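Take these sequences, add in the hints, and give me the full structure.
Given next are the chains, with one letter for each unit.
There are 2 protein chains.
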Amino acid sequence: MNLSRVLIYGMGLMGGSLALSVRGKFPKTNITAVVRSEKSKNTILNKNLANHVVLQSEIKSLDWSNYDLVVFSTPVESILKIIPTLPKSGNTIFIDLGSTKETIVSAVESYYGNTIHNYISTHPMCGSEQAGPDAAVPDLYLDKLCILTSPKSASNVSLEWVRSFWEQIGSWTLEMDSKSHDETLAYLSHLPHVISTLLVNVAGSNPTTKKEILESSKPITGGGFRDMSRIAGSNPDMWISIFKENQRFLRNSIDDLIQQLLEFRNLFGSDGSFDESQIRKIWELALANKEEIRKTK
Amino acid sequence: MNLSRVLIYGMGLMGGSLALSVRGKFPKTNITAVVRSEKSKNTILNKNLANHVVLQSEIKSLDWSNYDLVVFSTPVESILKIIPTLPKSGNTIFIDLGSTKETIVSAVESYYGNTIHNYISTHPMCGSEQAGPDAAVPDLYLDKLCILTSPKSASNVSLEWVRSFWEQIGSWTLEMDSKSHDETLAYLSHLPHVISTLLVNVAGSNPTTKKEILESSKPITGGGFRDMSRIAGSNPDMWISIFKENQRFLRNSIDDLIQQLLEFRNLFGSDGSFDESQIRKIWELALANKEEIRKTK
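Chains A and B are the protein sequences, given in the same order.
At position 128 of the first sequence (counting the first as 1) the number is 128 in UniProt numbering, and the numbers step up by one without a gap.
At position 170 of the second sequence (counting the first as 1) the number is 170 in UniProt numbering, and the numbers step up by one without a gap.
What the hints contain is simulated information worked out from the structure, not anything from laboratory work.
Incorrect hints may appear among the rest.
Copies of one chain are not kept apart here, so a pair can be met inside one copy or by any two copies together.
Claimed, not checked - Using 30 angstroms as the maximum straight-line C-alpha spacing, the simulated DSSO-like pairs for lysine-lysine come out as follows: (1) Lys28 <-> Lys88; (2) Lys88 <-> Lys297; (3) Lys297 <-> Lys39; (4) Lys47 <-> Lys297; (5) Lys244 <-> Lys218; (6) Lys28 <-> Lys210; (7) Lys295 <-> Lys28; (8) Lys60 <-> Lys144; (9) Lys179 <-> Lys218; (10) Lys244 <-> Lys88; (11) Lys28 <-> Lys244; (12) Lys25 <-> Lys218; (13) Lys152 <-> Lys218; (14) Lys211 <-> Lys297; (15) Lys39 <-> Lys25; (16) Lys179 <-> Lys144; (17) Lys295 <-> Lys211; (18) Lys211 <-> Lys179; (19) Lys81 <-> Lys152.
Fair warning: this is a prediction, and the values are worked out from it, not measured in the lab.
Pasting the structure below:
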């Protein structure tokens, strides 16, 4: 795999960690980073995440053909603005790390039309409550799933190159069309983040709970709450971007959850009685679903 | 602390782990277990969790005064049946490990009236998706919170004895009245379990998500979903018991969550627009609440 020069456009946790993975796997590769702030630039140079760092504001035009691989690691909205400026020929491979796929893939498809191109949209499913290049770690992508979405007219050679790239980085790959990706991710990732965030707000808005929390010097939560709240409130910029791109499926998933909460709540009669067998069925179904989703059966 | 003879009434994960802790801290203590099934009896004897095991069905009457400490480690409902059979004098200390407190404490208070007694209700906040004496581990209670609820007319000496017992086991303790306990636990423990359970059912009932899950040989979830689903569907018997005892506060917490989900959902207009600043406020509030609840700020 020829990987002499890589451009990572946007270098936060994801881009910075990818730089560390590339450094580990392809030590001779020359890495260029494009970032917005002086602070990021300094962090990247101090941590030696890239050989060159360019501030976005300093760029007049970019010669994409200088790179074997260009990685877009910015919010989806700004990727959408860059796509119409990409070259329609050349050997540079373009990928992004966007958390949603439909808007990116349709922008790529409408820009390239029937022209064969090298843009493959990818979604490495990892991340952390942390953000910024300071939080970059070399093993972020190790044993993680990277979803590959190939737009129409993308060359098969590019798709196989990108698959091989991610597998050498240490991830395992799975192909998904953009609609299935966004719908599946709404249920398996976006909804869980919304729930975690609202759960801590619900707990924090109950006066008795708040009082007991404030009076204790240590956390009065068990492991359940700790796990359920880990991803709460993290990275608002990223989530606002995701909500912009994927709100149709996210809304559906929230509606499904509200529906199930209402059904659950209605199992309890006002006299204190409740439908025990129905609760048992819900619990059994959850255990089966959990095993199926987590592949533990 | 005099702890020659302990009776653990009901020996699953919690009771069995407590036996291991007692064995570690008070090696000379003689432990008797009361269980329902032959299978549990055999496991307990094989793991040497107790010196004597008695089947519940074999008991005609129990001489509670034989023990320094009696621990009720069964569902709350069956503790409620035992309370009116306890002695009104003697030095035996009684505790339970019940996950809810209001019904137990009011049963104790109505039974003992103004008679000074040695019944202290306790709630060690630990547990696991696992159940049964087979899953017992010696460090289950280490560094965990044990909430102490002292019913009216309980002797102060007993309260301090029980506090000291749990602290020697390795837990840290916090006093809470029964109503505050049950309300706080609804928000910090019971609601999170319900949400985790319904979340996997919501994800499992979406056809696209289901199809992608079935087509992949490995889990397509990230760390967020994995954490959010860990406690889903676990231990239905325990949860049915908790729902019986704490459904008023649990219903309130579910209503609060539905309310916040509806408000969140309504931030998105049908034209794709949404109130970004409001989402940012919700995320910031969650981060503040999370730090306050988890005591990380």
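These are the hints, each one checked on the structure:
1. Lys28 <-> Lys88: For Lys28 and Lys88, only the intra-copy Cα distance (28 angstroms) is at most 30 angstroms; the inter-copy one is 81 angstroms.
2. Lys88 <-> Lys297: neither (47 angstroms within a copy, 51 angstroms between copies)
3. Lys297 <-> Lys39: between (47 angstroms within a copy, 24 angstroms between copies)
4. Lys47 <-> Lys297: Close across copies (27 angstroms), not inside one copy (42 angstroms); limit 30 angstroms.
5. Lys244 <-> Lys218: between (38 angstroms within a copy, 29 angstroms between copies)
6. Lys28 <-> Lys210: Close neither inside one copy (54 angstroms) nor across copies (42 angstroms); limit 30 angstroms.
7. Lys295 <-> Lys28: Neither: 38 angstroms inside a chain and 45 angstroms across chains, both beyond 30 angstroms.
8. Lys60 <-> Lys144: Neither. Shortest intra-copy (36 angstroms) and inter-copy (58 angstroms) distances fail the 30 angstroms Cα cut-off.
9. Lys179 <-> Lys218: Answer is between: at 20 angstroms across copies they meet the 30 angstroms cutoff, but 45 angstroms inside does not.
10. Lys244 <-> Lys88: within (28 angstroms within a copy, 65 angstroms between copies)
11. Lys28 <-> Lys244: Result: close neither inside a copy nor across copies, 38 angstroms intra and 64 angstroms inter.
12. Lys25 <-> Lys218: Answer is between: at 24 angstroms across copies they meet the 30 angstroms cutoff, but 43 angstroms inside does not.
13. Lys152 <-> Lys218: between (55 angstroms within a copy, 26 angstroms between copies)
14. Lys211 <-> Lys297: between (42 angstroms within a copy, 17 angstroms between copies)
15. Lys39 <-> Lys25: within (27 angstroms within a copy, 53 angstroms between copies)
16. Lys179 <-> Lys144: This pair counts as within: shortest intra-copy Cα distance 21 angstroms, inter-copy 45 angstroms.
17. Lys295 <-> Lys211: between (41 angstroms within a copy, 14 angstroms between copies)
18. Lys211 <-> Lys179: between (45 angstroms within a copy, 13 angstroms between copies)
19. Lys81 <-> Lys152: within (19 angstroms within a copy, 68 angstroms between copies)
Violated hints, in rising order: 2, 6, 7, 8, 11; the structure is consistent with all others.
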